[in-house]
Amino acid sequence: DSGVTQTPKHLITATGQRVTLRCSPRSGDLSVYWYQQSLDQGLQFLIQYYNGEERAKGNILERFSAQQFPDLHSELNLSSLELGDSALYFCASSEGGQGVIQYFGAGTRLSVL
Amino acid sequence: AQSVTQLGSHVSVSEGALVLLRCNYSSSVPPYLFWYVQYPNQGLQLLLKYTTGATLVKGINGFEAEFKKSETSFHLTKPSAHMSDAAEYFCAVRYSGNTPLVFGKGTRLSVIA
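Heads up: the sequence lines are chains A and B, in that order.
Each residue of the first sequence is one higher than the one before, counting from 1 in our numbering.
Each residue of the second sequence is one higher than the one before, counting from 1 in our numbering.
Source of the hints: derived by calculation from the structure; they are not laboratory data.
There could be a bad hint or two in this list.
[Unchecked claim] Which bits of chain A does chain B cover? Going by a derived footprint, with three or more residues having C-beta under 8 Å, they are: (1) 43-57; (2) 71-82.
[Unchecked claim] Cβ-Cβ distance ranges computed for the label pairs, FRET-style: (3) A/His-73 to B/Ala-17: 23 to 31 Å; (4) A/Ser-80 to B/Lys-58: 25 to 33 Å; (5) A/Leu-83 to B/Thr-51: 19 to 27 Å; (6) A/Asp-71 to B/Ser-12: 43 to 51 Å; (7) B/Gln-45 to A/Gly-58: 17 to 25 Å; (8) B/Pro-30 to A/Pro-8: 48 to 56 Å; (9) B/Ser-84 to A/Gly-52: 36 to 44 Å; (10) B/His-82 to A/Gly-42: 40 to 48 Å; (11) B/Glu-64 to A/Phe-69: 16 to 24 Å.
[As the list claims (entries may be wrong)] Calculated lysine to any residue pairs in the SDA-like style (CA-CA distance at most 20 Å, straight line): (12) A/Lys-9 to A/Lys-57; (13) A/Lys-9 to B/Asn-41; (14) B/Lys-105 to A/Leu-88.
Note that the coordinates shown come from a computational prediction; the quantities given were computed from them, not determined experimentally.
Virtual Cβ for every residue (Gly too), placed ideally from N, Cα, C.
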């Protein structure tokens with residue numbers, strides 16, 4: 001158990017809908033990262049938050065947004081969903097400052113029908 | 001741009017045989033290097049990491065990897081494969097603490113009895 005909790009485990013929805021994925025980092029970790037894993041693109045970094053502030057952006061679509069709350073949990077919001085958004089979404093956390101190791105949650109599998 | 005290349009999307013070995021999974025990275029500065037393993041329907045688990053110091057690093061489950069700066073490589077090895085090693089393996093790189101990981105495409109390891 002990595003200590004990173006992601007909910008829900010599975011999500012099935014229709015095109016055009018909006019969903020929210022939730023991540024609770026390990027106790028004490030200040031950084032949260034979101035990654036998308038798909039068959040064609042592999043594992044791609046989406047966005048990073050550090051202590052409530054956006055720190056880095058990767059290949060995140062404009063239809064996607066995220067935030068990190070004062071209790072350090074994070075949510076990834078996906079809107080106007082398309083078939084191609086079907087993927088496994090991972091959250092990872094690391095210590096603040098120079099935290100080298102990222103610990104991954106079990107992921108949320110999103111299926112857009 | 002940072003990139004990671006994993007040679008071979010699928011590697012098959014016999015039980016008890018040597019496991020060698022290849023990883024090369026592009027970098028102009030010394031990176032932090034990681035190997036993660038993903039078992040079916042699970043998240044990513046850290047196998048081992050290289051940050052500084054000894055270039056041969058040992059990880060969990062009998063795996064080890066050697067950082068070779070001259071070859072920009074970080075190949076993963078295990079002397080004797082076990083059936084339980086069957087999984088997807090990802091090489092990843094980052095260039096400082098608190099930055100996102102850049103992943104390779106992954107190598108699926110099959111172990112044949």
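Do the hints match the structure? See the list:
Residues of the region 43-57 of chain A with a Cβ under 8 Å from some Cβ of chain B number 7, which satisfies the need for three, so the listed coverage holds. Remark: the region 71-82 of chain A is not confirmed as covered by chain B, as 0 of its residues place a Cβ nearer than 8 Å to a Cβ of that chain, below the required three. The given range of 23 to 31 Å is broken by A/His-73 and B/Ala-17, whose C-beta atoms sit roughly 44 Å from each other. The given range of 25 to 33 Å is broken by A/Ser-80 and B/Lys-58, whose C-beta atoms sit roughly 47 Å from each other.
The hinted range of 19 to 27 Å is not satisfied by A/Leu-83 and B/Thr-51, whose Cβ atoms lie roughly 40 Å apart. Range check, A/Asp-71 to B/Ser-12: Cβ separation about 46 Å, and the 43 to 51 Å hint holds. The hinted window of 17 to 25 Å between B/Gln-45 and A/Gly-58 holds, with their beta carbons roughly 22 Å apart. Look at B/Pro-30 against A/Pro-8: about 40 Å separates their beta carbons, and that is not inside 48 to 56 Å.
A C-beta distance of roughly 40 Å is found between B/Ser-84 and A/Gly-52, which places it inside the suggested range of 36 to 44 Å. Taking the beta carbon of each, B/His-82 and A/Gly-42 are about 26 Å apart, not inside 40 to 48 Å as hinted. The hinted range of 16 to 24 Å is not satisfied by B/Glu-64 and A/Phe-69, whose Cβ atoms lie roughly 40 Å apart. For the hint pairing A/Lys-9 with A/Lys-57, the CA-to-CA distance comes to about 24 Å; that exceeds 20 Å, so the pair is violated.
Pair hint A/Lys-9 plus B/Asn-41 holds up; C-alpha atoms about 10 Å apart against a cutoff of 20 Å. Of the supplied pair hints, the one linking B/Lys-105 and A/Leu-88 holds, its CA atoms being roughly 15 Å apart against a limit of 20 Å.
Hint compliance for this structure: hints 2, 3, 4, 5, 8, 10, 11, 12 are not met, and every other hint is.
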